[in-house]
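Engineer: What follows is each chain in one-letter form.
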Amino acid sequence: MKLLGEMLLKKESFSEIVMGNTAIVRAMIESNTKVITSYPGSPTPEIAGAISSIPLEKRPFYFEFSTNEKVATEVAFGSSVNGNLSAVFFKSVGLNVAADSFVQLSLLELIGGMVIILGDDPGANSSQNEQDNRHYAKLSYTPIFEPSTPQEVYEMYLEATELSKKLKMPVILRLTTHVCHAKQKVDFGNYTPIENSFKSDFDVSNGPYIPITSEVFPMKEKALKKLNSVSEYSQKTKINKVFINEDNKRGIITYGGPYLSLIDVLKNSNKKPDILKLGIVYPLPEKIIIDFLKKHEEIKILEELDDILEKEIVYIAYKNNLNVKIIGKSSLEDWLGEYTPDKVEKVIKNLWPDLISNTDSEKFEEIYVPKRPAQMCPGCGHRSAFYAVKKALKEKDITVADIGCHTLGFLPPYNMGQVLLSMGHGNSTASGLSINNKERKVVTFIGDSTFFHAGLPGIINAIFNKHNFTLIVMENGTTAMTGHQDHPAVGKNFNSDTSSISIKKVLESFGVKYIAEIDAYSQKKLIDTVREFVEIEGFKVIIAKHPCMLKFTREQRKKGVFITRKVKVDKDVCTLFYECIERFACPTFQKDSKGKISVHEDLCIGDGSCMQTCPSTAIKPKKESKEGENNV
Amino acid sequence: MFNIYLSGVGGQGIGLLSEILIRACDYAGYKVYGVDTHGLAQRGGVVESHLKIGEDIYSPLIKKNDADLIISLERTEALRGLINYSKKDSNLIFYDANWQPLFVRMGKDTEVSLDLLSNECKKRNVSYYRIFLDTLNDPKMQNIVVVANIAKKSLIPKVEIDHYENAIKDLLSGVNLERNLKLFSEMFI
Chain A
6 MKLLGEMLLK KESFSEIVMG NTAIVRAMIE SNTKVITSYP GSPTPEIAGA
56 ISSIPLEKRP FYFEFSTNEK VATEVAFGSS VNGNLSAVFF KSVGLNVAAD
106 SFVQLSLLEL IGGMVIILGD DPGANSSQNE QDNRHYAKLS YTPIFEPSTP
156 QEVYEMYLEA TELSKKLKMP VILRLTTHVC HAKQKVDFGN YTPIENSFKS
206 DFDVSNGPYI PITSEVFPMK EKALKKLNSV SEYSQKTKIN KVFINEDNKR
256 GIITYGGPYL SLIDVLKNSN KKPDILKLGI VYPLPEKIII DFLKKHEEIK
306 ILEELDDILE KEIVYIAYKN NLNVKIIGKS SLEDWLGEYT PDKVEKVIKN
356 LWPDLISNTD SEKFEEIYVP KRPAQMCPGC GHRSAFYAVK KALKEKDITV
406 ADIGCHTLGF LPPYNMGQVL LSMGHGNSTA SGLSINNKER KVVTFIGDST
456 FFHAGLPGII NAIFNKHNFT LIVMENGTTA MTGHQDHPAV GKNFNSDTSS
506 ISIKKVLESF GVKYIAEIDA YSQKKLIDTV REFVEIEGFK VIIAKHPCML
556 KFTREQRKKG VFITRKVKVD KDVCTLFYEC IERFACPTFQ KDSKGKISVH
606 EDLCIGDGSC MQTCPSTAIK PKKESKEGEN NV
Chain B
5 MFNIYLSGVG GQGIGLLSEI LIRACDYAGY KVYGVDTHGL AQRGGVVESH
55 LKIGEDIYSP LIKKNDADLI ISLERTEALR GLINYSKKDS NLIFYDANWQ
105 PLFVRMGKDT EVSLDLLSNE CKKRNVSYYR IFLDTLNDPK MQNIVVVANI
155 AKKSLIPKVE IDHYENAIKD LLSGVNLERN LKLFSEMFI
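The listed protein sequences derive, respectively, from chains A and B. The numbering of the first sequence is the working numbering, which starts it at 6 and goes up by one. The numbering of the second sequence is the working numbering, which starts it at 5 and goes up by one.
Misleading hints may appear alongside valid ones.
To be verified - Derived SDA-like pairs: lysine to any residue, alpha-carbon spacing no greater than 25 Å straight-line:
1. B/173 to A/57
2. A/246 to A/192
3. B/173 to A/562
4. A/171 to A/214
5. B/144 to A/488
6. A/376 to B/114
7. A/396 to A/524
8. B/35 to A/17
9. A/334 to A/291
10. B/92 to A/362
11. B/112 to A/598
12. A/596 to B/135
13. A/7 to A/80
14. A/529 to A/412
15. A/376 to B/88
16. A/7 to B/88
17. A/15 to B/178
18. B/144 to A/378
19. A/563 to B/92
20. A/596 to B/139
21. B/35 to A/195
22. A/277 to B/62
23. A/573 to B/193
24. B/92 to A/273
25. B/68 to A/563
26. A/7 to B/181
27. A/368 to B/173
28. A/596 to A/417
29. A/246 to A/299
30. B/68 to A/356
31. A/376 to B/115
32. A/277 to B/193
33. A/368 to B/181
Hints listed in this document are in silico derivations from the structure and should not be mistaken for laboratory results.
Produce the entire structure from the sequences given, and follow the hints as far as they go.
Structural biologist: And the structure:
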C-alpha cells in the first residue's frame, strides 16, 4: 500500500495521482505553512483527511478543527500576526460565519502571511445555496486565486503564500467542488524542512492592530494600496494566461472550472476563439484585459454563478472607451448551476453555433428511473428519533430543521424539519415561530457539533428572553455528515485526548429546568417525553442520544471485532401493515412484487431499532456470525 | 480518448473502485483525469465518478451520452447511467445489487427489472454485462468482483490484469488486501 503520509513528507520531488484536496497539503508542507485550521464542510474536509495521514509527531505544522469557521479564522490570524505562515479552510457558507473577523484581515499586517482556502459549491452538491464567494473579495479588499486542476491547486497555493508573505495580507484560494475532488497525476517539488521554525514575533510596532474609529482610515488606505500592488503583480504573473488561436474577431474570458469545460467543448472545433484564462480573479489584470478587448470585436465572458467578471470588464471597457461588444449572461439559466461541459456547450452554442460541431445523438423514448433521495443509514439514531417525534406531535405543529445528517428528516416519510436557514439557526427561528403562538407547538432540532458551532447563542437567547419551544439535540457523538470529525463533546480533538464538554452539563449550567437525556432507540420514552415537554411553558431540551452507527460499525470492522448481526421478517407473522417500510422506512426493508417484505442482507446491521415499530412483532433477530462467515 | 462513467449507492465502494481504475490506467501508461461526487452521497444517495483516459482531456466531467464504458454497482443506478451516459456501442457492466430507492419501497415507484434494463441496452446498441456472485458474503467486495470482470473482458483497452492488481496493492494492505486479491484472482478460474 502506498502510504500517503510518507509521500507527503518526501524531501525530493515526485509525481502522484491525488485529488485537489490532497495536492494542497503537499503545497502547505513545501511552503512551510506552520498553522492550519478548519471547520469541516464539504467540499474541503479531505484536506484534513490527507493531514491525518501524517502521524502527529511527524507533522511539520499545527492543525486543528476549531469549533466554527470564525474561530478557525481567528486562530490562523493569531498565528500569522505572530510571524507564522497560516492557512484556514472551510466550505462556501463557512465564510458567512467567519465574515465578522475575515473582513478585518486586510486592514491588518499579517506578518507571517495567511491563505484562506474556500470550497465553493456551484451546483449546491452539498450546501444550502451556491453562493459566489468572489463577492467577498471586493468587500474585504482581498485577492483571489482560482485554480482549475489539482496541479494548479498545488502551484497556486505556493504562489498565494509568497504573495501573502510579501504584502503581509490575506489571500483567498478559491476552490470549487470538482476542483477539490478532481484526481490527476500532480508533479510536486522539493521540500526542505526547517527545524524549530515556530515564531513568536508579535509586536504592536508591526501594526497598528486596533482598527477603531479614526484609526481605521490609514489602515484602510494601506489595504487599498496593497490591493493596487496586487493589480500590478497580476499583470506579470504567469497565472493569468492568454491562448491565441489567431481569431481577431472573437475572444472568451474565463477561469477555473469553466475554463476546463470550455476547452473540452471546443476540442473538435476547427475555428477556436482566443481565450484569456484568469488565474487571479480579483483584482483583475486591467492592462491584459484592455489588450485582449482591443484585439477583438466580440468578447464572451464565460462565468459560473454570478456576473462579477462581466460587470468589472464592462466597466473597464467603458472607462477606456473601447469599442467592443461584451457578452455576459443572457438568461437566468446562465446564473444557475455548475458550468459543466454540457452547460458550457449550451451557452457557447447559443451564442456562436459555428464553434460547436453537431453531435446530436439518437433520441430514445423517455424512461422514468426511480429517484434516489439521500437518506439516513441503517441503524441511524436520527431515524428512531424522527419516527418517535412525529408520533408525539400533531399535524399542525411546527418543526424546524438544522444542518447535519438529521436535515434529511425533512424527506418523506418523516417530514420532520420544515424550515432551514443555516448552521444553528434552529433555536432562534423556533423562538420567532413561538412568539404569541399558543395554538401550535414548536420543536427544533440540532446536531451535537452544530450545538457548539453556532447553537449556543440561540439557546442562551431562548433562556434569556423566555422563549417557548422544545429543542431536540440529535447527539450521535461525531460530526457525521462531513466524515466523522471529533467535536468538543467527544473527548478527543484532532491531535489528542481532551476533556469532553458535556452538552447536558452545559445546559444545566445555563439553568435549563427541563432536560431529558434519552437513547434515541427508546422510542416509547422519547414519545412520552416529547408529549410531556411540549405542554410545558418555556425552553425545554431533549437529548436524543445514539452513536453514529456508520462510524461505530466502521470502527468495529477496523478493529476486527465486527459481528454480523441481522434481523429477519417472519413471513408467517407479518400482517403486511408496512409500518417498517412506510413509516419507519429503514432502507434495509425491501418490498417484492407481491408486496412481501424482506430484509436486505447487504444493508441490515442488525441494530434492532426497527423491532419495536412492528405492530405484529414480525421483525426478529437472526443468528449472529463473524464477518465473512455465512449467516444463513 | 476513452470515457468511463461509474455509479452506485453511497456505501457500496464506488470511491475505491474508481481509485483502482484510475491507478490501473496509469500503470497501463495512460494519462487519466477523474472526479468523484461526494456531498450527501454517503447517506444512501447516488454516488458518481467520472474517469477520462487519453491525451486530449481537460474537464474531468463527462458530457451526457458520451461514455464508452458505464460501470454500476446497483441495478437502478445502472439504468440511470445507461440512459444519461451511454452512446452507441458503449458497454454497460453492473453488479446486480438491488437496493430499492425510497419511493420503490413505499410503493410509489416501480422497481427496475432486468428485462427493462437489457431492453434499453438493446435499443441503444449497448453491450450488457450483468455480474452477480451468489457465493459472495461481503457486499463490500462487490466492487472487486466488478474490477475482475472488467479485466477479464478487457473492457478498458490495453489495461491488463497485472495493472489492476498493482492498483489494488497500492490502495489496500494487510488482511484486507489479501482477501481482495484472493477474490480478484478467483474470478479468473
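Engineer: Now look at each hint and say whether the structure bears it out.
Structural biologist: Cross-check of the supplied hints:
no.: 1; hint: B/173 to A/57; verdict: holds, 21 Å
no.: 2; hint: A/246 to A/192; verdict: holds, 20 Å
no.: 3; hint: B/173 to A/562; verdict: holds, 20 Å
no.: 4; hint: A/171 to A/214; verdict: holds, 18 Å
no.: 5; hint: B/144 to A/488; verdict: holds, 18 Å
no.: 6; hint: A/376 to B/114; verdict: holds, 11 Å
no.: 7; hint: A/396 to A/524; verdict: holds, 17 Å
no.: 8; hint: B/35 to A/17; verdict: holds, 23 Å
no.: 9; hint: A/334 to A/291; verdict: holds, 21 Å
no.: 10; hint: B/92 to A/362; verdict: holds, 18 Å
no.: 11; hint: B/112 to A/598; verdict: holds, 12 Å
no.: 12; hint: A/596 to B/135; verdict: holds, 22 Å
no.: 13; hint: A/7 to A/80; verdict: violated, 33 Å
no.: 14; hint: A/529 to A/412; verdict: holds, 23 Å
no.: 15; hint: A/376 to B/88; verdict: holds, 14 Å
no.: 16; hint: A/7 to B/88; verdict: violated, 35 Å
no.: 17; hint: A/15 to B/178; verdict: holds, 24 Å
no.: 18; hint: B/144 to A/378; verdict: holds, 21 Å
no.: 19; hint: A/563 to B/92; verdict: violated, 43 Å
no.: 20; hint: A/596 to B/139; verdict: holds, 23 Å
no.: 21; hint: B/35 to A/195; verdict: holds, 23 Å
no.: 22; hint: A/277 to B/62; verdict: holds, 15 Å
no.: 23; hint: A/573 to B/193; verdict: violated, 34 Å
no.: 24; hint: B/92 to A/273; verdict: holds, 19 Å
no.: 25; hint: B/68 to A/563; verdict: violated, 38 Å
no.: 26; hint: A/7 to B/181; verdict: holds, 12 Å
no.: 27; hint: A/368 to B/173; verdict: violated, 42 Å
no.: 28; hint: A/596 to A/417; verdict: holds, 17 Å
no.: 29; hint: A/246 to A/299; verdict: holds, 17 Å
no.: 30; hint: B/68 to A/356; verdict: holds, 21 Å
no.: 31; hint: A/376 to B/115; verdict: holds, 11 Å
no.: 32; hint: A/277 to B/193; verdict: violated, 52 Å
no.: 33; hint: A/368 to B/181; verdict: violated, 44 Å
In this structure, the earlier hints numbered 13, 16, 19, 23, 25, 27, 32, 33 are contradicted, and the remaining ones agree with it.
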